[in-house]
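The residues making up each chain are set out below.
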Amino acid sequence: MPNRPTPADTLRPSRPPAPDSEPDFVQLIDVVKKFGATTAVDHVSLSVRRKELFALLGSSGCGKSTLLRLMAGLETPDAGRIVVDGQDITQLPPYQRPVNMMFQSYALFPHMTVEANAAYGLKREGAPRQEIKERVGAALDLVQMSQYAKRKPHQLSGGQQQRAALARSLVKRPKLLLLDEPMSALDKKIRQQTQFELGNILYSVGVTCVLVTHDQEEAMTMADRLAVMNEGRIIQVGTPNEVYEAPTSRFAAEFIGSTNLFEASLAGDESRLFNCKDLEVPLQVHNPMNARMNLAVQISLRPERITLTFEPVDQPTNWAVGTIEQYAYMGSYTLYYVRLKSGRVMAVDMSQLAVRALPRPPDYGDTVYLSWGSDHLVVLTR
Amino acid sequence: MTMGPRPLAWLKSRLPSGRTLVIGTPFVFLLVFFMVPFVAVLIISFADPQMSVPPYTPIAEFRDGYLRITLSLEHYRAVLTDSLYIGSYLYSVEVAALTTVLCLLIGYPACYLIARSSPSKRNLLLMAVMLPFWTSYLIRVYAWIGLLKNQGLINHFLHWLHLIDQPLKLYHNNAGLLIGMVYNYLPYLMLPLYAHFVKLDTTLLEAARVLGARPWQAFFTITVPMSKRAVIAASLLVFIPAVGEYVIPEILGGSNSLMIGRVMWDDFFVNTDWPSASAATGAMVLLLLLPMAWFQRLQKREIGSP
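Residue numbers (my numbering), protein chains in the order written: chain A, 6 to 387; chain B, 5 to 310.
It cannot be assumed that every hint is accurate.
As the list claims (entries may be wrong) - Selected chain B positions facing chain A (Cβ under 10 Å, derived; list incomplete):
1) T207
2) L208
3) L209
4) E210
5) A211
6) A212
7) R213
8) V214
9) L215
10) A217
11) R218
12) P219
13) Q221
14) T225
15) I226
16) M230
As the list claims (entries may be wrong) - Computed beta-carbon distance windows for the label pairs:
17) F37/B - A42/A: 56 to 64 Å
18) Q101/A - H166/B: 43 to 51 Å
19) M131/B - E268/A: 27 to 35 Å
20) E98/B - T43/A: 51 to 59 Å
21) F31/B - K193/A: 40 to 48 Å
22) M131/B - T43/A: 28 to 36 Å
23) Q198/A - L25/B: 47 to 55 Å
24) D83/A - L34/B: 27 to 35 Å
These aren't lab readings, by the way, just hints derived from the structure by calculation.
Small disclaimer: the values here were computed from a predicted structure and weren't measured.
Note that beta-carbon positions come from the ideal geometry of N, C-alpha and C, so glycine has one too.
Generate coordinates for the entire structure from the input sequences, incorporating the hints supplied.
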């Protein structure tokens with residue numbers, strides 16, 4: 006592929022955080038969409054900042070694609086409002102919205118060249134011929150597709166089709182660009198590279214983006230902020246870091262990455278200690294829980310935040326002992342499944358460096374001690 | 005060591021494979037039952053008519069040590085110059101073209117909407133399109149007489165509604181001919197068009213709308229150009245048999261509806277002039293090969309595109 010930038014070129018340029026002066030550039034206000042008896046989008050409210058890359062993340066059927074189609078105007082909501090840059094677009098047909106969309110299948114028009122595809126939107130607008138030519142040329146330059154301008158879509162590779170579709174959706178300079186599963190039609194190998202490239206192009210244009218994906222890696226690579234969705238509702242909104250480090254619900258904790266979840270109850274009023282029937286010692290969290298004794302919660306502990314040793318741990322809380330039941334070498338880390346006395350199995354990820362620091366690599370049947378810091382425990386009340 | 009399997013293996017390698025047989029069967033069938041008679045017709049077209057059995061002169065004779073091959077081009081000359089033939093050719097093409105256009109005007113939007121309706125409704129509607137095939141072709145054409153004639157159902161109904169005083173002339177003229185042709189050929193146009201529309205990716209239309217196309221603009225810039233090949237294929241499926249149609253003009257058309265099929269019929273069975281009829285056939289096949297060849301070229305040029 007000619008002109009493919011090297012990975013160093015494609016690292017995301019640092020850019021100032023989206024200005025807080027326009028935190029409600031795109032606004033969804035209590036949007037509801039029902040299909041027959043099923044509620045695809047259930048009272049969703051959401052704000053996207055100007056120039057932000059925002060991801061809707063969820064498994065199939067969670068309503069994320071419906072939400073995107075509502076923004077595009079391909080569906081009309083049963084209730085609620087959609088506002089872009091102060092304009093209520095809820096009742097506008099798709100062809101009157103300042104919104105464009107890149108489809109999952111790219112939906113390039115097969116009977117038109119790349120150039121004609123890109124010019125399609127401007128032609129409908131009745132733009133002068135010279136202007137169309139210039140803007141199409143600029144858009145194709147931007148996505149490095151100028152040399153393929155005269156090709157038909159079926160003569161392009163998947164990556165080229167994606168860039169042609171991107172040029173087509175950017176050429177009208179939409180206020181909001183919607184991306185439906187932008188990577189799903191690409192080979193896994195070129196996906197990550199493309200994620201950075203696509204992110205770069207979108208940043209350089211400065212367009213506000215909402216992208217839909219079921220792939221958490223994609224969401225975390227590309228998005229400034231993301232919303233985790235389940236059953237038509239938004240579970241949590243935050244930066245990838247926030248959602249991973251501080252999930253607010255069991256669903257978010259389990260959906261992003263993997264985790265060990267403990268059923269626990271508060272050991273005393275406004276305490277830092279939780280009792281868990283799976284563990285011999287209490288769990289001690291970082292901040293006291295402002296609640297009554299015996300409050301039932303879930304506590305999340307990421308597998309890579311656990312330290313595994315052969316020697317007993319000298320601390321009153323936050324440890325466990327068990328035997329290695331299974332392990333899997335995953336390349337950059339090794340995953341151990343450790344069965345505790347209570348029968349509970351805990352997952353532990355150890356980096357290869359940490360494995361090498363041990364006197365010998367842990368093996369099946371070894372008795373091991375697991376410990377973790379209080380700041381790695383996340384209390385989930387939902 | 006035995007020699008046994010070797011001749012068997014040799015035989016096996018010489019016999020056509022199962023794949024060849026399956027593909028070849030329809031071709032052998034067409035060769036025997038279409039090409040051979042067609043060549044016979046072409047041969048007859050170079051002979052002269054005479055009162056005998058068969059009613060034409062042999063084109064090859066062996067007498068007195070001479071092989072005489074007599075090829076008469078007289079019938080081709082007649083076919084290509086006689087105003088009766090030329091007129092009926094042109095008329096046939098005109099009727100077939102009109103039939104095709106009318107079928108398209110009725111069938112194209114109908115197919116589009118059928119393909120866009122819900123799957124259960126879709127099958128029901130498609131069934132309705134094919135329903136006429138359950139009855140004999142001749143009976144259906146005859147039934148139209150009852151509908152179209154001056155005292156027929158249509159005129160009765162219009163009269164009852166006080167829309168007309170005089171019966172509309174729909175039978176034994178061009179109107180009746182076209183109604184019958186369109187009625188009969190419509191399903192042949194609709195089935196391939198439907199097959200195209202049902203496969204059409206609707207996200208393309210959504211993409212067009214998101215890019216700023218109103219629904220009618222999306223229809224004319226995406227749907228129509230993408231259906232070009234299906235339209236051509238479906239039109240040929242109507243046009244080609246319509247040119248040679250005999251029964252409908254005979255039953256529903258007027259005395260001036262002289263299509264080429266009727267001329268051939270008269271040549272064969274009324275005038276017993278087999279060579280003239282054969283020459284007319286040969287000329288018609290040539291005439292029909294042109295649009296076919298054009299379509300083939302078009303397909304070849306666009307090969308690979310979805």
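Verification of the supplied hints:
1. For T207/B, the interface hint holds, the least distance from its beta-carbon to any beta-carbon of chain A being 4 Å, beneath 10 Å.
2. At about 5 Å, the closest approach between the beta carbon of L208/B and any beta carbon in chain A falls short of 10 Å, and the interface hint on this residue holds.
3. Hint status for L209/B: holds, given a least beta-carbon distance of 9 Å to chain A, under 10 Å.
4. A cut of 10 Å between beta carbons decides the hint on E210/B: the least distance to chain A is about 5 Å, and the hint holds.
5. The beta carbon of A211/B is positioned within 10 Å of a beta carbon in chain A (closest approach about 4 Å), and the interface hint is therefore held.
6. Of the supplied interface hints, the one on A212/B holds, with its beta-carbon coming within about 7 Å of a beta-carbon of chain A, less than 10 Å.
7. About 4 Å separates the beta-carbon of R213/B from the nearest beta-carbon of chain A, less than 10 Å, and the hint is met.
8. The interface hint given for V214/B is met, as the beta carbon of that residue sits about 5 Å from the closest beta carbon of chain A, less than 10 Å.
9. For L215/B, the suggested interface contact is upheld, since its CB lies about 4 Å from the closest CB of chain A, less than 10 Å.
10. Annotation: A217/B was flagged as interfacial toward chain A, and the flag holds, the nearest CB pair being 5 Å apart, inside 10 Å.
11. The beta carbon of R218/B is positioned within 10 Å of a beta carbon in chain A (closest approach about 6 Å), and the interface hint is therefore held.
12. The beta carbon of P219/B is positioned within 10 Å of a beta carbon in chain A (closest approach about 8 Å), and the interface hint is therefore held.
13. Among the interface hints, the one on Q221/B holds; its C-beta lies about 6 Å from the nearest C-beta in chain A, closer than the 10 Å criterion.
14. A distance limit of 10 Å between C-beta atoms decides the matter here; for T225/B the minimum to chain A is near 7 Å, and the interface restraint holds.
15. For the restraint placing I226/B at the interface with chain A, the shortest Cβ-Cβ distance is roughly 6 Å, inside the 10 Å limit, so the hint holds.
16. Interface restraint check: M230/B against chain A, minimum CB-CB distance 5 Å, threshold 10 Å, status holds.
17. Range check, F37/B to A42/A: Cβ separation about 58 Å, and the 56 to 64 Å hint holds.
18. Checked against the given bound of 43 to 51 Å, the beta carbons of Q101/A and H166/B, roughly 47 Å apart, stay inside it.
19. A hinted range of 27 to 35 Å is violated for the C-beta pair M131/B and E268/A, which are about 58 Å apart.
20. Range check, E98/B to T43/A: Cβ separation about 56 Å, and the 51 to 59 Å hint holds.
21. Look at F31/B against K193/A: about 45 Å separates their beta carbons, and that is inside 40 to 48 Å.
22. For M131/B and T43/A, the Cβ-Cβ distance of about 30 Å falls inside the hinted range of 28 to 36 Å, so the restraint holds.
23. Roughly 51 Å separates the CB atoms of Q198/A and L25/B, a value that falls within the hinted 47 to 55 Å.
24. For D83/A paired with L34/B, a C-beta distance near 59 Å fails the hint of 27 to 35 Å.
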